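**Student:** Since the structure of chain A is provided, determine the placement of chain B on it from the hints.
Protein chains: 2
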Amino acid sequence: MASIKPSVPKGTRDFSPTEMVKRNYIFDTIKSVFRKYGYQQIETPTMENSSTLTGKYGDEGDKLIFKILNSGDFLAKVNPEKLTTHNSQLITSDISEKALRYDLTVPFARYVVQHQNEITFPFKRFQVQPVWRADRPQRGRYREFYQCDADVVGSDSLLNEAEFIMIYDEALGKLGLKDFSIKINNRKILSGIAQIIDKADNIIDLTVAIDKLDKIGLDGVIKELLERGFTQADIEKIKPVILLEGSNTEKLQSLREALADSETGLKGCDEIETVFNYIKSCPLQTAKLELDITLARGLNYYTGAIFEVKTNEVNMGSIGGGGRYDDLTGMFGLKGLTGVGISFGADRIYDVMEELNLFPAAANQSTQVLICNFDAAGEQYGLPLLQQLRRQNINAELYPAGAKIKKQMEYANNKNIPYTVVIGSDEMQSGLLSFKNMTTGNQEKLTAEEIVEKLVDNRATI
Amino acid sequence: MASIKPSVPKGTRDFSPTEMVKRNYIFDTIKSVFRKYGYQQIETPTMENSSTLTGKYGDEGDKLIFKILNSGDFLAKVNPEKLTTHNSQLITSDISEKALRYDLTVPFARYVVQHQNEITFPFKRFQVQPVWRADRPQRGRYREFYQCDADVVGSDSLLNEAEFIMIYDEALGKLGLKDFSIKINNRKILSGIAQIIDKADNIIDLTVAIDKLDKIGLDGVIKELLERGFTQADIEKIKPVILLEGSNTEKLQSLREALADSETGLKGCDEIETVFNYIKSCPLQTAKLELDITLARGLNYYTGAIFEVKTNEVNMGSIGGGGRYDDLTGMFGLKGLTGVGISFGADRIYDVMEELNLFPAAANQSTQVLICNFDAAGEQYGLPLLQQLRRQNINAELYPAGAKIKKQMEYANNKNIPYTVVIGSDEMQSGLLSFKNMTTGNQEKLTAEEIVEKLVDNRATI
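Chains as they are written, first to last, in the numbering used here: chain A, 1 to 462; chain B, 1 to 462.
Bound conformation, chain A alone (with noise of 0.2 Å):
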């Protein structure tokens, strides 16, 4: 056979073990602060059947989806005329019933439909698995990759958003971010700024212009304003909206004074408070917690809370975000099931990790101890000393045939593994086996029994 270099698809990725040591250690932590508040995980298959997905992403959005091949003679069904029109998307659904799941959103909804004579509520739920899409992939951008999404479905009380936000403070704390802001937004404080200027039908084109603040200033925004067809005197009435400033207390008694005339726009700034106070209850460890009505995100689905989670040591996108819709499971038939959920950017924590440093250095050794040995006598006797040490829980590793001491150096070196102990003649002499510090180089002769004491002691302490 002619050996071409094997490769994965394009926007796909291996994940070798130490990459895999990190990337649990992110699932680990977020996945047990969402137990901690009350989150229950449920898995969906990878593949949905095609009218689950379609429609729900936008056109653009349905181009992406990949699609399964049915099985067999998937010709069959085809109508020969059909087929002479050498038109793919006219065939598209003859051939293909399957696809794959696009993000964990949708799937939760058929999940929730289907289940839902099986299901408590208020019923809160997180799925941490990949996704596919078709999009070109590019830097940080790929085919494949796992969402870790939490929500809350049949609940309306706003303890739950209160949470969510804890949630991002504890889980991203535990990981060892010191600065990060979570910014909250309300969909009823921006239709209400749309209705101050009687514009409620252009919330879209208003909130897109306001949502680039950031990146385009002040003048930016007010330039693309105009051209979405706001007036000066619009502008007028909004710019001390989008130029709030002050404590989050402040900020929301300008927002009231600004939106006194809608009644929407006043809940919205109710909603706020009610959060902000349950926060004060519950005071955050780390996080900064920030009103910004800039914030725009989904604004075609959420119905009040809109989350955006950036870090302030590094320099990237959002890595993490939400906020609450009321009605995720309508489109598949259940009305009035409102919900509010969150997701984490797993790759992009990973990235800020990465650059920070943060990822302590036992995530990269999974192996504690490797016993070295010259022959088979040494194996042999070293045989019982591996067993005591997995009795104990250690990870240990004896290296298999007498191998020369260096490869198994490098071996020890490559896996990170901290320890080794050296069994030669004289070792097994004297009984006293060379124990050695990968780390520090330290090197001493005990015996297996100090040895096996020394690691349960030091993994005591770790």
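Fair warning: there could be bad hints in the mix.
Just so you know, same-sequence chains aren't split out, so a pair can sit in one copy or run between any two.
Result set (DSBU-like, lysine-lysine): computed pairs, CA atoms no more than 35 Å apart in a straight line [claimed, not checked]:
1) K454 with K178
2) K10 with K63
3) K212 with K82
4) K454 with K288
If you're looking for bench data, these hints aren't it; they were derived computationally from the structure.
Only a predicted model underlies this, so the values are computations on that prediction, with no experimental measurement involved.
**Tutor:** Just chain B, lined up with the frame of chain A:
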């Protein structure tokens, strides 16, 4: 929108919170044992290039590979004349360049070859990921299911074989299985049997027949051997081998006598004996280790040891298996890399554990305590307690918004939450909260501090 009841594709499954907790329990246990023995986790992409998978699983296997339809105008590349043949097979490779992982072995081989310069050999890796097969779904057979594999490549030491036996013993023992057998055979012994009757070329026919001994008995096997062209004389010669009895040592002794004329056969006996000697140094805790020369699974690629694991407590197919292969990576151009690996059948292990009621009660409990309340005042009163509990790493929830107490208790019951705290007006006045054990129904009045203490102590004793 017409509300068609949403569903998942045939042969795929949703996993509910209860199922996920149990599945995680199985996977986490197995992973922790893999790590203890120095195995490191990798993950490969869900999609592989079709060229990586095609031709690796035989014609029948190839048909069961799920193929991904190319994105965009997939027909553009297809010759119109070819299309008019209406021949699905002919155009498959034109409209599909990627496919879903069919097992973990071929992607692992691809990974090893692709990353050979970054890998430290012997490379001990484990991998737990779903695979997809377009098989006809039936009871216990799914189109999407998890595989759970560990392999070591680049070491011919039989210590690896012995350690896999220890891994099975430890992992399945930890999961609570009390009576199970690890069966071991060696391809070289099967070759030896074929050699002593001068039918080396008919080894497949021979082993297919012998493999059925359990099911069809000796008479059945003899009938089948005769049908497959073996002579009465052949059968007389191999009968004692098939009917091997006694302890492993006795069986080995008989085999050595029967295979005295086959160098390969004796080599197989030596290998098995070496593995048994390793196990004598590190005795198994639970498993029975049985030499079983009727074991012939995966014969087309195994070259040395062959494993199979069966529970003796429940009637169920094999719950694990594996073996040594001499040329895993040859298909991708890297010759001469030997390896040995095993697999756990997670779905079957799940069913065994369900039947034997082996899942720990705690595996069903994510949230430890629910704080129930009647109104905003109760909610406000409960928040500091909620926070204290979480600070102590107790999974805790406060029921959002004042629902009826019956509904809150139902919520606790349905989620298997073992404790509840009720905060009513009396409780707020006295500072003594109603703390209820949901299993026993016992109720007592405790301060918030006492509740925290009790739950922390309780966790420590689990």
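**Student:** All the hints need checking, so say for each whether the structure fits it.
**Tutor:** Against the structure, the hints:
Taking the shortest alpha-carbon separations for K454 and K178, both the intra-copy value of 34 Å and the inter-copy value of 33 Å come in at or below 35 Å. Taking the shortest alpha-carbon separations for K10 and K63, both the intra-copy value of 17 Å and the inter-copy value of 24 Å come in at or below 35 Å. Within a single copy, K212 and K82 get their C-alpha atoms no closer than 46 Å, and across copies no closer than 51 Å, so neither meets the 35 Å cut-off. Taking identical chains as interchangeable, the C-alpha atoms of K454 and K288 lie at most 35 Å apart only when they sit on different chains, with a minimum of 33 Å there against 42 Å within one chain.
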